[in-house]
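Peer 1: Here is how the chains run, residue by residue.
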Amino acid sequence: MKQEMSDPVMAFDGNELWTIHYRVFRYKRSSGKPHYDKFNVEIAPHETVLDGLEKIWAFQDRSLTFRHACHHASCGSCGIRVNGVEKLPCIVPIREVTRDGGTVLCEPLRNFPLVSDLVVDLGQFYRRLEEAHFQIIRSSEPIERDEHESSNVHTRFENCIECGLCVSACPVSGTDGLYFGPAALAASWRMIQEPRGVDPLSVRSNADQEHGCWRCHVAFECSEVCPSNVDPAAAIMALRQDLLKRKLLRLFQRGDHDRA
Amino acid sequence: MAEKAVQSHHVVVIGAGSTGVAVAHDLALRGFAVTVVERGAIASGTTGRNHCLLHSGARYCMSDPVSAQECAQENDVLRSIMPHAMELNGGLFVALTEEHRAYKSRFQEACQTCGIDAPWLTPEQVLALEPHVHPDNLGAFHVPDGVFDPLRFCLSFLATARRNGADVFPFTRVDELIQRGSAVEGVKVSDLHTNRVRRIEADLVVNAAGPWAGEISAMAGLMLPMDPTPGVMVSMRGRYCQRVINRLGMPSDGDIVVPQRETSILGTTSWSVPRADTIPIPEEHVALLLERGRALIPALAESEPQGIFTVARPLIHEMVKDTRQVSRGFECFDHAAEGVQGLVTIVGGKTSTSRAMAETTADLVCSKLGIQAPCRTRETRLESYRAFYYT
Chain A
15 MKQEMSDPVM AFDGNELWTI HYRVFRYKRS SGKPHYDKFN VEIAPHETVL
65 DGLEKIWAFQ DRSLTFRHAC HHASCGSCGI RVNGVEKLPC IVPIREVTRD
115 GGTVLCEPLR NFPLVSDLVV DLGQFYRRLE EAHFQIIRSS EPIERDEHES
165 SNVHTRFENC IECGLCVSAC PVSGTDGLYF GPAALAASWR MIQEPRGVDP
215 LSVRSNADQE HGCWRCHVAF ECSEVCPSNV DPAAAIMALR QDLLKRKLLR
265 LFQRGDHDRA
Chain B
20 MAEKAVQSHH VVVIGAGSTG VAVAHDLALR GFAVTVVERG AIASGTTGRN
70 HCLLHSGARY CMSDPVSAQE CAQENDVLRS IMPHAMELNG GLFVALTEEH
120 RAYKSRFQEA CQTCGIDAPW LTPEQVLALE PHVHPDNLGA FHVPDGVFDP
170 LRFCLSFLAT ARRNGADVFP FTRVDELIQR GSAVEGVKVS DLHTNRVRRI
220 EADLVVNAAG PWAGEISAMA GLMLPMDPTP GVMVSMRGRY CQRVINRLGM
270 PSDGDIVVPQ RETSILGTTS WSVPRADTIP IPEEHVALLL ERGRALIPAL
320 AESEPQGIFT VARPLIHEMV KDTRQVSRGF ECFDHAAEGV QGLVTIVGGK
370 TSTSRAMAET TADLVCSKLG IQAPCRTRET RLESYRAFYY T
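Protein sequence lines correspond, in order, to chains A and B.
Under the numbering used here, think of the first position of the first sequence as 15, with each following residue one higher.
Under the numbering used here, think of the first position of the second sequence as 20, with each following residue one higher.
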């Protein structure tokens, strides 16, 4: 039986307004210790956690810093922890995380240097993506297939929106600052699958290091929080298998050579 | 007396949306010392919540041929300077009814006039390219539309500006313009990472604050009648087309589906609001977009919205006649005409034409400061957006 879709417009709850208590992590360089500020926000249940942060900024505290741009889970810039879980607040409706009179806790991503309030420094993260030679555009397979599908080759952006949620959720990234992290390793696997002119051997040897794919503890937290269907954990497992297979092949080949 | 070298001229650019970042890049490339200040994150205003459409110009070919030609030219330039920030799969203008098809010859002539390559496809050809377009379509024009990532668009300009010596300060809010008499000589800003206030002196200030440009010019006692004109967009889960799917006809509400990554973005509507911050989204706009999106691509009925967003277009009052029939062109003001030296404002336009807007603005800056330095942004390939973060 076909599952009945709720009419998305019904997601608007009329003129209902909830009062939500935002608890927001605050930190300003050179002005005291990190702390939490509380803001009461009038917000409709269908509005997003990010809408609430914008309301706080617009009407209560213009010094609040948080990153955002696209408001539809495409730019990857608004990632924070909402009630302790890594999210893109631009696509999280208030009703999904609390109820009228409830609290929403907003904190910056973990495992990145803190800049101020909800803003973290992603410099190292982006450097690692570049080191994985991660390209931005891929040739894509059409996503919705049917018998009429054409065989044209199209270009589109890679699924990874480079938001950093996976790194924040990863327990290994929390203890090993040198670990490449799930996004960069998933990027390496993509480049091996579809090299686009990049030498896959250099991508493999970059990933095949102490702080590379072997450091992963298989916690799967990364795939749990990924908002863009990248599944970094599966990519890391595939990368390990690929590297192991090659190592074994090399061993056997050397063995053959020794016997000869 | 020897002329001052271009490097000794310092220009402050207010705003890091598509206009400000392109102005910063242009000026840095010409050799100016440039400082960009942005009160929020890069692209956190109008540009970020963009439809992501790289215009071929076809959308405006009948209603606003000047803008259309500008789009067509800029489309070529942007493709060559930042291919890494774009999905370049083209676009269709689809006739669903006889009423739409009646525009066929007019659209064709308008495209020709504007220099836009637009071959006509039969319904069968349309379905071969885009199987999810309505099966009863009556044919479509194929145009060189594209899709870009608005944040990466801005970061690419800024990474390149930085390589050429520009300083970029996001989360740095302009509180006052520094003035001697009526002349603007810099900005007083709050660094929101530290909550410290500081002064940045400048030979000239460029106001590129988009729909908030009126708030900046008001600091110099100038009246700039902004008319923030928002539009709603709905990002649907799933990619139902490879090309941008437009409805053939005059630009109107709910006539476009822009695919990006794994989503399909339905757009858009147009109305007027008193202020550009936190605009409530009218429910009926969302309903209209869903209905009209499904008319173009019926399979969208199986999908659901992932993000619903709106933001104000940075139009000024005199540009707006009816909110749809406005020119999407831009205006560059030298406020010396109103007695305020040292301040230039650039408003209007579209992300797709921001490089051209920047060229006009930088030409004005050069002429005001008595500098001769040619524009080189047409042929300068931009850095990867990632470089903005790690350099």
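Hints in this document: simulated from the structure, not taken from any laboratory.
Be a bit skeptical, because a hint or two may be false.
To be verified - Think about it this way: if two alpha-carbon atoms lie no more than 25 Å apart in a straight line, the pair counts; the simulated SDA-like pairs of lysine to any residue are:
(1) A:K52 / B:S209
(2) A:K69 / B:L148
(3) A:K42 / B:R215
(4) B:K123 / B:P102
(5) B:K207 / A:K52
(6) A:K42 / B:L148
Peer 1: Would you mind marking each hint as holding or not holding in the structure?
Peer 2: Right, here's what the structure says about each hint:
no. : hint            : in the structure
1   : A:K52 / B:S209  : holds, 23 Å
2   : A:K69 / B:L148  : violated, 43 Å
3   : A:K42 / B:R215  : holds, 10 Å
4   : B:K123 / B:P102 : violated, 31 Å
5   : B:K207 / A:K52  : violated, 29 Å
6   : A:K42 / B:L148  : violated, 53 Å
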